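Chain order of the listed sequences is A and B. According to the numbering used here, numbering within the first sequence proceeds without interruption in unit steps and concludes at 373. According to the numbering used here, numbering within the second sequence proceeds without interruption in unit steps and concludes at 412.
No wet-lab data here; the hints were simulated from the structure. The model shown is predicted, which means the values in this text are computed figures rather than measured ones. From the three backbone atoms N, C-alpha and C, an ideal C-beta is built for every residue, glycine too. A few of these clues could be false.
Heads up, incomplete: computed chain A residues facing chain B, CB under 10 Å, no partners named [claimed, not checked]:
1) Phe5
2) Gln11
3) Leu13
4) Met253
5) Ser270
6) Ala279
7) Lys287
8) Ala309
9) Glu319
10) Gln323
11) Gly336
12) Phe337
13) Leu367
14) Arg369
As a list, the in silico DSSO-like pairs of lysine-lysine whose alpha-carbon atoms are at most 30 Å apart [stated by the list, open to error]:
15) B/Lys147 x B/Lys183
16) A/Lys259 x B/Lys401
17) A/Lys259 x B/Lys183
18) B/Lys147 x B/Lys116
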Amino acid sequence: MNFSFSEDQILLRNSVRAALDEQCKPAHVRAMMEDDRSGYSESLWGEMAKLGWLGLPFAEEQGGAGLGLVELALVLEEMGRAAYPGPYFASVVLAGLGLQAGGSAAQKERWLPAIASGQARGTAALLEDSLDWDPASTTATATRTGAGWSISGLKRFVPWAHVADVALVPARAPEGVSLFLVDPRAAGVTVTPMVGIDLANRWSELRLDGAAGELMGPAGGAGPVLEGLLRRAAVGASAEMLGAARRCLDMSVGYAKVREQFGQLIGSFQAIRHRCAEMLLEVEKAHAAVYYAAWALSAGAEDAAMAASVCKSFVSEAARQVCGDAIQVHGGIGFTWEYDLHLYFKRAKALEPLYGDAAYHRELLVRGQAA
Amino acid sequence: MDLNYTVEDVAFRKQVRTWLEQNMPRQIRNLEERKAWHRKLYEAGYLGMGWPREYGGQGARPMEQAIVADEMARAGAPAPTNGLGVGIVGPTIVVHGTDAQKRRYLRKILTAEEMWCQLYSEPNAGSDLAALRTVAEDKGDHFQVTGQKIWTSGGALADWGLLLARTDTAVAKHKGISCFLINMRQPGVDVRPLKQITGSSEFCEVFMTSARVEKEDQIGRLGEGWGIAQTTLGYERGGRALARITSYAGQYNQLMNAARRLKRNGRPILDDAVTRQKLGRIWADLEVERYGALRVLTMLERGEHPGAGGSLTKLSYSEFEKRFMEMAEEILGPYGQLTDGVPPEFRLEVDTAVGDHGTWAYAFLWSRAGTIYAGSSEIQKNVIGERILGLPKESRADRVGGTR
Numbered sequence: 003m004n005f006s007f008s009e010d011q012i013l014l015r016n017s018v019r020a021a022l023d024e025q026c027k028p029a030h031v032r033a034m035m036e037d038d039r040s041g042y043s044e045s046l047w048g049e050m051a052k053l054g055w056l057g058l059p060f061a062e063e064q065g066g067a068g069l070g071l072v073e074l075a076l077v078l079e080e081m082g083r084a085a086y087p088g089p090y091f092a093s094v095v096l097a098g099l100g101l102q103a104g105g106s107a108a109q110k111e112r113w114l115p116a117i118a119s120g121q122a123r124g125t126a127a128l129l130e131d132s133l134d135w136d137p138a139s140t141t142a143t144a145t146r147t148g149a150g151w152s153i154s155g156l157k158r159f160v161p162w163a164h165v166a167d168v169a170l171v172p173a174r175a176p177e178g179v180s181l182f183l184v185d186p187r188a189a190g191v192t193v194t195p196m197v198g199i200d201l202a203n204r205w206s207e208l209r210l211d212g213a214a215g216e217l218m219g220p221a222g223g224a225g226p227v228l229e230g231l232l233r234r235a236a237v238g239a240s241a242e243m244l245g246a247a248r249r250c251l252d253m254s255v256g257y258a259k260v261r262e263q264f265g266q267l268i269g270s271f272q273a274i275r276h277r278c279a280e281m282l283l284e285v286e287k288a289h290a291a292v293y294y295a296a297w298a299l300s301a302g303a304e305d306a307a308m309a310a311s312v313c314k315s316f317v318s319e320a321a322r323q324v325c326g327d328a329i330q331v332h333g334g335i336g337f338t339w340e341y342d343l344h345l346y347f348k349r350a351k352a353l354e355p356l357y358g359d360a361a362y363h364r365e366l367l368v369r370g371q372a373a
Numbered sequence: 009m010d011l012n013y014t015v016e017d018v019a020f021r022k023q024v025r026t027w028l029e030q031n032m033p034r035q036i037r038n039l040e041e042r043k044a045w046h047r048k049l050y051e052a053g054y055l056g057m058g059w060p061r062e063y064g065g066q067g068a069r070p071m072e073q074a075i076v077a078d079e080m081a082r083a084g085a086p087a088p089t090n091g092l093g094v095g096i097v098g099p100t101i102v103v104h105g106t107d108a109q110k111r112r113y114l115r116k117i118l119t120a121e122e123m124w125c126q127l128y129s130e131p132n133a134g135s136d137l138a139a140l141r142t143v144a145e146d147k148g149d150h151f152q153v154t155g156q157k158i159w160t161s162g163g164a165l166a167d168w169g170l171l172l173a174r175t176d177t178a179v180a181k182h183k184g185i186s187c188f189l190i191n192m193r194q195p196g197v198d199v200r201p202l203k204q205i206t207g208s209s210e211f212c213e214v215f216m217t218s219a220r221v222e223k224e225d226q227i228g229r230l231g232e233g234w235g236i237a238q239t240t241l242g243y244e245r246g247g248r249a250l251a252r253i254t255s256y257a258g259q260y261n262q263l264m265n266a267a268r269r270l271k272r273n274g275r276p277i278l279d280d281a282v283t284r285q286k287l288g289r290i291w292a293d294l295e296v297e298r299y300g301a302l303r304v305l306t307m308l309e310r311g312e313h314p315g316a317g318g319s320l321t322k323l324s325y326s327e328f329e330k331r332f333m334e335m336a337e338e339i340l341g342p343y344g345q346l347t348d349g350v351p352p353e354f355r356l357e358v359d360t361a362v363g364d365h366g367t368w369a370y371a372f373l374w375s376r377a378g379t380i381y382a383g384s385s386e387i388q389k390n391v392i393g394e395r396i397l398g399l400p401k402e403s404r405a406d407r408v409g410g411t412r
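Isolated chain A (complex conformation) (with noise of 0.2 Å):
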């Protein structure tokens, strides 16, 4: 029993943290809120392919590193800390962890390596207008023609499919619901920007009008590799839920140590000082959430499924909390555009509702148990 990073995962953090503190300030995330093409730096992107993170959980022989959940974790975390702008987690977890879970060889071959180089980036298309998480409720159909299958239906919410080069797409075909590779840029994909609270983070919607789809796996078996990558994507947004909530009690403890009123620091008064104590002892229940669960999954420890639900459910609302209360914490300035705080308050609030939200996971939870 050993609920400690290693050394190499501790410097794996401390590097992330470097890099995102040096190249991923607040000025070059609000750089990219405003930037009205791609919203994300190719060179930063550049900079992450070179230090092995686009890789990081894929096979060395794709061109991985061979690490596991628990390192994506930490990288996710700090990319939350950041209020990275950019399609990491679109790359990375969805497109990454499905293609890794379902894809075939040659698919494999064929994405993996590109997306660990920097050189394409990708997403995954896994909510319709119902906001359903439930792979069975997929209404998007997907025929056979000649060549392949044709797919058409409405996704929402599709993280980053404005710069993919290839999405996960589910739709139903006759034999049930599947997965598809699809090109966002090909014909018959009808890209429109949604946009958001965070504006660092970008969502599309996807209207596929027949759209050329490349089978994933056997044709009406997704749902396993959907249930796997919902959960992979619960807890990799529950670790970057957990950087923007640390960065949040860290802008507040550190305001509080500062700010005077009453002739007073701020931190002195109880009122202060124990929402801080507050903060902390959620954040704190949060990291152990997040990281038993990206162990489990990573180990397939028994409890994995539901400690991922565990997670997600604990950590949406402590997230939300925590960045709450930080806006609290600093009064009028927390509610300032100018003030860096709502970054990473959105950051959170952005990611809260998405795989899956809290709601949605303590279903799960007792579903397992009532059975």
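Position chain B relative to chain A; hints supplied.
Okay, now just chain B, sitting in the frame of chain A:
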């Protein structure tokens, strides 16, 4: 990071489980039987395990202690007795006591031949423990103690008490406190049970009137009592970290069963979305408590002391217990309030904090204690704010000057 138990720990757990199956009493009817069970645990090496070997312990690892407690919780084993003696007084004597004190007291704590209580809180010194007014006056060959203590757990059974008393009123309040061992069986010590909201009396009030403390029963130097008390509060070694979770998990399963039987609008409440959300939330909270316990045990196994981090742990589990019991009451409705006449299917099958067979009503009421005793949640948040987050202390009227 590897959250599997080691082969050794799995084997040890199996050994404890087997021993409990063969030795656990079906029922404990009185204190003598509880002491007998306590001695049996001690002789098997399962009690005071973390104490150094030279004083009768096993020098066991924190994980081994946690596993024993966890297996006892799993089996529904009766609690041993003399918990404050084994958990707090003994370790205090080990660290701060003289050789003579160690020889005189330690073994009898482990065997429960001598029962102990802790004489800290006073009517006007609760969260502000350093404001205590009980006085120990130096009479040359002994100390004479006068004052009142309250919230003395196990006071009615205790042969001895670990006492904090003021020996110097001229200095700042934290600096005038000393630590003693006091014989509870003497005319100057009057112990009265304190009836709590549970209707029971696990706590006492203790009135000391010119009570005698021998010179050789002073712990540490005069004026060092506050520092000693601070370290004793830190002796929580994670021993019950897993057991606590296992007990709740057992109770959670009982609630699931109750939710299958109870109905709302003609359907089992287990099919009701609101109930399921409540259950799912508390289960997630419980699992997160378990992960936290594994983190604490990892630290302890590496020989690191959690320090002020112990405040996070205590704040977390005591507040969790309140939420858990409130949810249990919501599931059970008025069944949850029964202290007598509980139908068998809604009975709580656990030992309560004091070892009596529990009811949900008792456990619910008892859950209000955890966020008050051993440093209230508010005190824990002060500690977390000041010592972990480094936030400024509040300006306080009592930081300077004497207590007179």
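Structure-based check of all given hints:
1. For A/Phe5, the interface hint holds, since its Cβ comes within 10 Å of a Cβ in chain B; the closest pair sits about 4 Å apart.
2. Against a cut-off of 10 Å between C-beta atoms, the interface hint on A/Gln11 holds, since the closest Cβ of chain B lies about 7 Å away.
3. Hint status for A/Leu13 relative to chain B: violated, with the closest Cβ pair at about 14 Å, above 10 Å.
4. For the restraint placing A/Met253 at the interface with chain B, the shortest Cβ-Cβ distance is roughly 12 Å, beyond the 10 Å limit, so the hint is violated.
5. The interface hint given for A/Ser270 holds, since its Cβ lies 4 Å from the closest Cβ of chain B, which is under the 10 Å cut-off.
6. Hint status for A/Ala279 relative to chain B: holds, with the closest Cβ pair at about 4 Å, below 10 Å.
7. Given the 10 Å rule on beta carbons, the hint for A/Lys287 holds: about 5 Å separates it from the nearest Cβ of chain B.
8. With 10 Å as the threshold, the beta carbon of A/Ala309 comes within range of chain B, its nearest partner Cβ sitting at about 7 Å, so the hint holds.
9. At about 9 Å, the closest approach between the beta carbon of A/Glu319 and any beta carbon in chain B falls short of 10 Å, and the interface hint on this residue holds.
10. With 10 Å as the threshold, the beta carbon of A/Gln323 stays out of range of chain B, its nearest partner Cβ sitting at about 13 Å, so the hint is violated.
11. For the restraint placing A/Gly336 at the interface with chain B, the shortest Cβ-Cβ distance is roughly 17 Å, beyond the 10 Å limit, so the hint is violated.
12. Given hint, A/Phe337 at the interface with chain B, is violated; its Cβ is 22 Å from that chain's nearest Cβ, farther than 10 Å.
13. With a least beta-carbon distance of about 4 Å to chain B, the hint placing A/Leu367 at the interface is held under the 10 Å criterion.
14. Interface hint status for A/Arg369: upheld, as the beta-carbon distance to the closest one in chain B is roughly 8 Å, under 10 Å.
15. The suggested pairing of B/Lys147 with B/Lys183 holds, with an alpha-carbon distance near 20 Å, which does not exceed 30 Å.
16. At most 30 Å may separate the alpha-carbon atoms for a hinted pair to count; A/Lys259 and B/Lys401 meet this at roughly 11 Å.
17. Under the criterion of a C-alpha separation no larger than 30 Å, the hint pairing A/Lys259 with B/Lys183 is consistent with the structure, at around 28 Å.
18. Of the supplied pair hints, the one linking B/Lys147 and B/Lys116 holds, its CA atoms being roughly 29 Å apart against a limit of 30 Å.
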